[in-house]
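Chemist: Protein chains in written order, with the numbering used here: chain A, -10 to 227; chain B, -10 to 227.
Just to be clear, a hint being listed does not mean it is correct.
The list makes no distinction among identical chains, and a pair is therefore deemed to hold if it is satisfied within one copy or across any two copies.
[Said to hold, decoys possible] Restricting the straight-line Cα-Cα distance to at most 20 Å, the calculated cross-link-like pairs of lysine to any residue (SDA-like) are:
(1) 38 with 72
(2) 38 with 70
(3) 38 with 74
(4) 38 with 121
(5) 56 with 173
(6) 113 with 130
If you are wondering where the hints come from, they were derived from the structure by calculation, not from laboratory data.
2 protein chains.
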Amino acid sequence: MANYPPFAVTVDLVVLTVRDGALKVLAIRRSEAPFKGRWALPGGFVRPKEDLEGAAKRELEEEAGLKPRQVHLEQLATYGAPNRDPRMRTVTVAYLALAPDLPAPRAGGDAAAADWLAVDELVKHRSAFAFDHNQILKDGLERARAKLEYSPLGASFCPAEFTVADLRKVYEIVWGTPLDPRNFHRKVTGAADFLLPLRRTRIEVGRPAELYKLGSARLLHPPMLRPTVGDIDESPDR
Amino acid sequence: MANYPPFAVTVDLVVLTVRDGALKVLAIRRSEAPFKGRWALPGGFVRPKEDLEGAAKRELEEEAGLKPRQVHLEQLATYGAPNRDPRMRTVTVAYLALAPDLPAPRAGGDAAAADWLAVDELVKHRSAFAFDHNQILKDGLERARAKLEYSPLGASFCPAEFTVADLRKVYEIVWGTPLDPRNFHRKVTGAADFLLPLRRTRIEVGRPAELYKLGSARLLHPPMLRPTVGDIDESPDR
DNA sequence: CCAAAAGTGTTTACCCTACACCCATGT
DNA sequence: ACATGGGTGTAGGGTAAACACTTTTGG
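Model the full assembly from the supplied sequences, consistent with the hints where possible.
Modeler: Rendered as structure tokens:
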């Protein structure tokens, strides 16, 4: 017990939001070596008397200016390859955060620049985050996409009051696939305790849309299924 | 960078198997303070040049006598409450392992006694594992139960060659609920690439059963749904 | 022949997809 | 009136639950 190998423990955050019609991830431009000048996920050391989720919430405030209240936060996975940080032996506990499109201060406490990067662009250009953050982002995206199917998590991207169309756009953007508005509507309004109607409407264009807030259900049952991409015809062109 | 709070990093294992018609978890009797004499999950420190999964595999061999080859192993979650170990600040990365009922050596390298404990009994008696291992076990059970629905993971509890009835018993034991043998049969044999028939049979009692090995599918589609426990009638008695 | 378990067929209900259609607003 | 999106109805196909029934062995 007296002796054990010492590790540095950090938390890293995959903070996702839907903004300008695209799925975006919060990234920090590194101002120090290693990987100076490269993008990285926000994160930092866990303090001696802080629990892991507490550290994640603190970083969320410090680096993203986001109040944990408004954000869904869950543990994603832990990464600890011996050489993931060239400076020292580090284990990082990654958290996934889903935030509505708030007018949040972009850069946090640190001097480094922070920005929302479009996930599609990152994937197209093979990203190039520092450390193993490409993998962490990939795992976070997959978790978020999978969870939309059976959880009320999509609403975490919406403001407190939203319309069915707002929610549908979140699904379409996160999944990158169009959904039938009519079937989507029936599905989410039909699920017990999933959406709570506010008996008010909001007008944008066309018929006013009913406003909802999230209900008490923690599961969407039956689940919303992602359209199977290559079910019969794999090639979209031609 | 020069200075950071040092942590001890450990891996803990939730090793599940089906044995004597019950779901069992591998437990170690602690021979040292704290929690001396109490049951705990097997685990240990991660070594300086070892990655996390490597550490989990090493513990699997050392403490359970299980070759990682025969076992499904996946990361479960990470636990790092500041006081989870009274001796020092420790973060543990928990792994979930699913093993067939091998004639495995019970006790491993350590002097401490190891045994398979029935999960039902533990839950009934409010367990009482050391540290936060009750929570870790609970999370591991939930993960295992959920994954049976949509993955070929149930077969990890079976030997390399098994019958549909073998697999069904795994599901029934892990979920604690009876399943219709006929619908189960149709479902698992109907899913593409899920089971590979070996064109041989095995005789126990009654009509010989076809032998199968696991196919290449990594997903069971459509999923096998757990019977909803309290769908209408919550009380089983009366 | 009977018991026991393996495996098939059939019925019914539900859910999903697709799309026709109506509704409520702004211009 | 018409454009625009919000929302409902409905027909067809597929999957699941329940259970009758047939098959293949051992006693």
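Chemist: Hint by hint, note whether the structure agrees.
Modeler: Here is what the structure says about each hint:
1. Taking identical chains as interchangeable, the C-alpha atoms of residue 38 and residue 72 lie at most 20 Å apart only when they sit on different chains, with a minimum of 9 Å there against 26 Å within one chain.
2. When the C-alpha separation of residue 38 and residue 70 is checked against a cutoff of 20 Å, the pair qualifies only between copies, where the shortest distance is 9 Å, while the shortest distance within a copy is 25 Å.
3. In this homomeric assembly, residue 38 and residue 74 come within 20 Å of each other (Cα to Cα) only across copies, at 13 Å, whereas the closest approach inside a single copy is 23 Å.
4. When the C-alpha separation of residue 38 and residue 121 is checked against a cutoff of 20 Å, the pair qualifies only between copies, where the shortest distance is 17 Å, while the shortest distance within a copy is 26 Å.
5. Taking CA atoms no more than 20 Å apart as the test, residue 56 paired with residue 173 passes in neither setting, with 30 Å inside one copy and 48 Å between copies.
6. Proximity of residue 113 to residue 130 under the C-alpha cut-off of 20 Å is restricted to the intra-copy arrangement: shortest distance 15 Å within a copy versus 38 Å between copies.
The structure fails hint 5 only (numbered hints given earlier).
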